[in-house]
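Participant: When you get a sec, could you build the whole thing from the sequences and use the hints?
Just so you know, the sequence shown maps onto residues 75 to 396 in the numbering used here.
It is possible that part of the hints are untrue.
[Claimed, not checked] Using 25 Å as the maximum straight-line C-alpha spacing, the simulated BS3-like pairs for lysine-lysine come out as follows: (1) LYS189 with LYS319; (2) LYS215 with LYS189; (3) LYS189 with LYS289; (4) LYS279 with LYS189; (5) LYS215 with LYS289.
If you are wondering where the hints come from, they were derived from the structure by calculation, not from laboratory data.
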Amino acid sequence: MGSPAHTRRKLVECPLPAAVTARWRCGALYILRQATVQCWTALTSRVHARYSRGLREARSRVATASLGRVETKRQLEREFAERAPMPTSAIERNDVVSTGIAGLDDVMTGGFTRKRLFLVEGVPGSGKTTLAMQYLMAAAKRGEPVLYVTLSETAEELRASAASHGWSLEGIDIRELAPTESALDPDEQVTMFHPSEIELASTTKLILADVERLKPACLVFDSLSELRLLAGTPLRYRRQILAMKQFFASRHCTVVLLDDLTATVNDLQMQSLAHGVISLEHLNSEYGPQRRRLRIAKYRGRPFRGGHHDYTIRTGGIEVFP
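Facilitator: See below:
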């Protein structure tokens, strides 16, 4: 018998059976595959956890920002409500007269202050006449006497314009002060006085006589452009407006004056005389539909919603979006 070392060397040199070798290889591959799966699972779990945590943080930041915007909006609404409260008492409601347009009443917190003079200005086609007719029709429905004084349109044209909206001007007195055919005759214009002085004086007398006769609670004057031409000079024009303002105030009449912004320089003297000013804008863009908007340029002694407010003119009148 050999030595123990010789025996061990023979055992090492003895080749293993093929079946045993194949079994070892399969076991090693299985262990390697399981280790790979475990490593990949751990890696994906760690990445998913980090992604989920980041997503939750992002959602939390978005929710916080949205909540902040909502709270800011609510705070602004509360501050605006404190600055411009809507009229609620009977005294405040009796102090104003509706414009006939719900959205405009909202913007003006009730409408026109009674026994005051207001100016509605805008370019031709902005809807001044439509607004004026809605104002007078609303007053006529309340049973108040109303008067429409026109220098720029005939009574027939006004009725045709109202008919296009499906309205009837019944209950509205229309005073047409357009020049007659005799006034256009050159032979009738020969006088010792300046023509503008005579025309302005006669026009004013007719207006005041109608006011004395009808005693209107609401009056529309259309338009100041023609009166400005009749006055001839800015000084005479301003004096005439001041005199008419005092006359109407003493008759407890709420007056709306219409003015076309056709002058090259904006005339601000009428804005200074008026109790409130509504400015109508008609914007034409290169692309898309036209846009109409209005703003309250001035309103003495009464809160109002500032800024621009869109409005549309449809069959049935003006609709304002506060």
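Participant: Check each numbered hint against the structure and report the violated ones by number, ascending.
Facilitator: none
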